[in-house]
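Chemist: Chain by chain, the residues run as shown.
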Amino acid sequence: MALVHKLLNGTYILRKSLKPSGASCPFLSTRFADYCSSSLQKPAATPSKVSAQRNSAGGLQGDHQREVALDVTSPEEKPEVSFDKAIRDEIKEHFWRLKDEIVNHWIGPEGRPMQEVILEQARVIWQFRGKEDLDKWIVTSDKTIGGRSEVFLKMGKNNQSALLYGTLSSAAPQDGENSQSGYCAMISRIPRGAFDRKKSYDWSQFNTLYLRVRGDGRPWMVNIREDTDFIQKSNQMYSYFMFTRGGPYWQEVKIPFSKFFFSNQGRIRDAQFQLLLDKISSIGFTLADKVDGPFFLEIDFIGVFADPAHTEEFAYENSPVLNPRLFK
Amino acid sequence: MNPATFSLIIVTMMSGTLLVLMSSHWFLVWVGFEMNMLAIIPLLTKQHNPRSTEAATKYFLTQATASMLLMMAAIINLMYTGHWSILKMINPMASITMTTALAMKLGLSPFHFWVPEVTQGIPLSSGLILLTWQKLAPLSILYMISPLMNLNLLMIMALLSIAIGGWGGLNQTQLRKIMAYSSIAHMGWMISILIYNPTMTLLNLYIYIPMTITTFSLLMMTSSTTTTSLSHTWNKLPLITTIMFITMLSLGGLPPLTGFLPKWLIIQELAKNDNIAMSTIIALLALLSLYFYTRITYTTSLTMFPTSNNTKITWQFKHPKRMTCLSPMIIISTLMIPISPLMSILE
Numbered sequence: 001m002a003l004v005h006k007l008l009n010g011t012y013i014l015r016k017s018l019k020p021s022g023a024s025c026p027f028l029s030t031r032f033a034d035y036c037s038s039s040l041q042k043p044a045a046t047p048s049k050v051s052a053q054r055n056s057a058g059g060l061q062g063d064h065q066r067e068v069a070l071d072v073t074s075p076e077e078k079p080e081v082s083f084d085k086a087i088r089d090e091i092k093e094h095f096w097r098l099k100d101e102i103v104n105h106w107i108g109p110e111g112r113p114m115q116e117v118i119l120e121q122a123r124v125i126w127q128f129r130g131k132e133d134l135d136k137w138i139v140t141s142d143k144t145i146g147g148r149s150e151v152f153l154k155m156g157k158n159n160q161s162a163l164l165y166g167t168l169s170s171a172a173p174q175d176g177e178n179s180q181s182g183y184c185a186m187i188s189r190i191p192r193g194a195f196d197r198k199k200s201y202d203w204s205q206f207n208t209l210y211l212r213v214r215g216d217g218r219p220w221m222v223n224i225r226e227d228t229d230f231i232q233k234s235n236q237m238y239s240y241f242m243f244t245r246g247g248p249y250w251q252e253v254k255i256p257f258s259k260f261f262f263s264n265q266g267r268i269r270d271a272q273f274q275l276l277l278d279k280i281s282s283i284g285f286t287l288a289d290k291v292d293g294p295f296f297l298e299i300d301f302i303g304v305f306a307d308p309a310h311t312e313e314f315a316y317e318n319s320p321v322l323n324p325r326l327f328k
Numbered sequence: 001m002n003p004a005t006f007s008l009i010i011v012t013m014m015s016g017t018l019l020v021l022m023s024s025h026w027f028l029v030w031v032g033f034e035m036n037m038l039a040i041i042p043l044l045t046k047q048h049n050p051r052s053t054e055a056a057t058k059y060f061l062t063q064a065t066a067s068m069l070l071m072m073a074a075i076i077n078l079m080y081t082g083h084w085s086i087l088k089m090i091n092p093m094a095s096i097t098m099t100t101a102l103a104m105k106l107g108l109s110p111f112h113f114w115v116p117e118v119t120q121g122i123p124l125s126s127g128l129i130l131l132t133w134q135k136l137a138p139l140s141i142l143y144m145i146s147p148l149m150n151l152n153l154l155m156i157m158a159l160l161s162i163a164i165g166g167w168g169g170l171n172q173t174q175l176r177k178i179m180a181y182s183s184i185a186h187m188g189w190m191i192s193i194l195i196y197n198p199t200m201t202l203l204n205l206y207i208y209i210p211m212t213i214t215t216f217s218l219l220m221m222t223s224s225t226t227t228t229s230l231s232h233t234w235n236k237l238p239l240i241t242t243i244m245f246i247t248m249l250s251l252g253g254l255p256p257l258t259g260f261l262p263k264w265l266i267i268q269e270l271a272k273n274d275n276i277a278m279s280t281i282i283a284l285l286a287l288l289s290l291y292f293y294t295r296i297t298y299t300t301s302l303t304m305f306p307t308s309n310n311t312k313i314t315w316q317f318k319h320p321k322r323m324t325c326l327s328p329m330i331i332i333s334t335l336m337i338p339i340s341p342l343m344s345i346l347e
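From first to last, the protein sequence lines stand for chains X and A.
Going left to right, the first sequence walks through residues 1 to 328 as UniProt numbering numbers them.
Going left to right, the second sequence walks through residues 1 to 347 as UniProt numbering numbers them.
So here's chain A without its partners, still in its complex pose:
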């Protein structure tokens, strides 16, 4: 893409999100969401083929519907409170409509159907932006209106998302779809603790984003979009194979890696609020996600998959792809458990 156009698109997308994060008027929030969505559409169709056009169309339709619902919720709020300020929404109708709109934006169940298909149809770098940057704006609004949200709705959505994120990802060989279902499951974890302790939502987000960036960077480095092509990396980049193994297990929430930290703290917060049943169920459902991550690591790193060349390891040339900040990202996404005592400052 033309560098000037590309910069403009990226700047618009970022300023859309920043507008949502910084505004105190519902109308500007809506404007920010629209800017964000319209700016990312060309990024989704970077590789021009019919599949990416289909993915961009599906993304546009769902996000536009969600923006409309958001505006509707803001107007209902205006009718009942008389102001446009972003405070907690007192009217339950407005609150539920807003929750639904933001759930559609995030890809929470039962509005998750677009996430695997859109992620599958777009190139890996666009998928990275879709699954990380696009979650910031809706979660910030959820954080701001969290006090008076409907607990039942949030719990049902969280439970369904974790279940569907686990169940749907079970049979995927396409890596982008696996990352999409992983995103659905992680969003479910984030929403489950929103009412009780919204700081934990943010913690989960801060840890999910580096882990996802690391995973996508590793996938971009090996240019692999299916499990089969990823399983050939042991031959070419053995260090990446090992790091992929650790990062995937971290995404699955396995102690003592970083991914365990948010799950542990969320379960602890849920238990503190006497919600033992929910915490047990989501901990069990996280095993489904862990199963498919472990399966990827099994085929990639723990077994020497049959390849088409005869050598044990190919000659290592300097890698042509420049992955910025890959090393710090890997460290953050795998080794941050020792700083968990610092989390008390979030209380």
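Okay, chain X solo, but in the shape it has when bound:
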């Protein structure tokens, strides 16, 4: 299954770094922008990449005169496309991950000793210190439905933060189906184990989400999704707002998990349920404030901690008028 997935995403080119090939992105339409989460300087790279391939295919034209962009492999080391070796490497990698999982299971939950897990009061889940941290996120925008917003994710200055930037455009796509548009989102990838099994986070010792961000004054929405295997569950989401201040100072946003409200298929429901923290799949940030123009959000790290002063379990009540079924 994982191999089919990889094959559908583009040619699996056997490279030294075993990353999904960034070179395949320019050849696909921008609809697939969400698969390329690493630093995108693609429009500049495209012409030289194409010319590099053409020249190497031609063979005899001046190697010394060609301008090669920095993220392109040099023609001497031609990437070999080898199907069998790729499959074997993939299988070996999965068994290696399985062995790691078994050893980690022996040590403790997620590979850390149990005492550490029980006693810990704060944990940094995602931080942005290098390109590989960006690969844990997917950026999407309404380009997937035909809109015109653009969003990019790259590392910030000195590799100390991640910068999510782009342009929001609420011009509706003229396809007769969508009358509204204009959103951008950054969603974390669901952690995968051996054989691409979905794993989840267990945050039940914590009760508050902590984000260190620097925004431009726009209101963002933080969405948390739980286990996404079932169809009905994959439409469910818990959200809350994050208001950013513009300005040169870093902002520390603390959102208790009790404040998250429940929505299904994009609509906030009358029946509200508490966010249960033992099987969290992914977290995401969405911008959809109907204001056209450029935006940016710089994120230092995302963590969770246990706030002992916060004793609220759930911030919303269900009303017997709206939902008599819940009170039977």
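None of these hints come from the bench; they were simulated from the model.
There are no misleading hints in this set.
Coverage of chain A stretches by chain X, computed from C-beta distances (three or more under 8 Å per stretch; other residues unrestricted):
1. 1 to 15
2. 43 to 55
3. 161 to 174
4. 227 to 235
Positions of the beta carbon are idealized from the N, C-alpha and C atoms, including for glycine.
Mind docking chain A on chain X? Use the hints.
Modeler: Using the frame of chain X, we list chain A on its own:
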């Protein structure tokens, strides 16, 4: 829940199990299982949230599949023997299908995947009913058809269940999942002795049920579902902390507590039937389960876990939760070893 509805559901669930226990026709057994399953579904979704709906759905799907397999086995038996009576199943196909169906109902390995997830998604009281009352009906059928069951299948399932119950519970901080893995391991112990001496299966069940009821009652009393929240009880209810300690060790099978009695007798029966390898292996695997019980007792009772208040002990008000029969249950689940000579009447 509306008291009338609640009573109706409980009565239906109990009559489903009683129907299975008392009937001599395979069709009525199937009817009893279905009644039981359908009646417990509203109990699983007592707290209305998406997680409990997911748990109830998973429970329903596995149990419905198991009921279908049960019916299939009964019909194969009908084809080969010509009657619907519940006697031992002569045809091996029917016997194996029935064993598989009942293993799915009990949550034995390799059909154990639903137990931790369903137990985790439901409130503690529903979890209690799921792990104790729901085991009665399948085990009674297993007892009745035990003479001609396939030994290899049962031994493999028992071994796998004890191993997975021990291994899976190792890293859990969620108490309901720990109880689920404990249930899987105990079912493994019960099945391991089924062919040789089915009375020991029943003995293990009779001791497992009070121990589980005691543990769940203590968890309900402290309303704790994670190890961290349980570890704050030393501050509030120190007596419960001590009793939790003893009950957990009893669940783990540590002598001289009650939980040791079934394990000891099962190992003795297995050795009497020249099955030394199996008895050694399951005794060693029981250490895995004992490890995670001991870890809970360590964080709860043997250490003073850091809490958020500064007092050594909080003011003791009268406890609002009324736990019926908690004291006798505690006694039964911890101090019954001295009556083990009476077990000879079970021979």
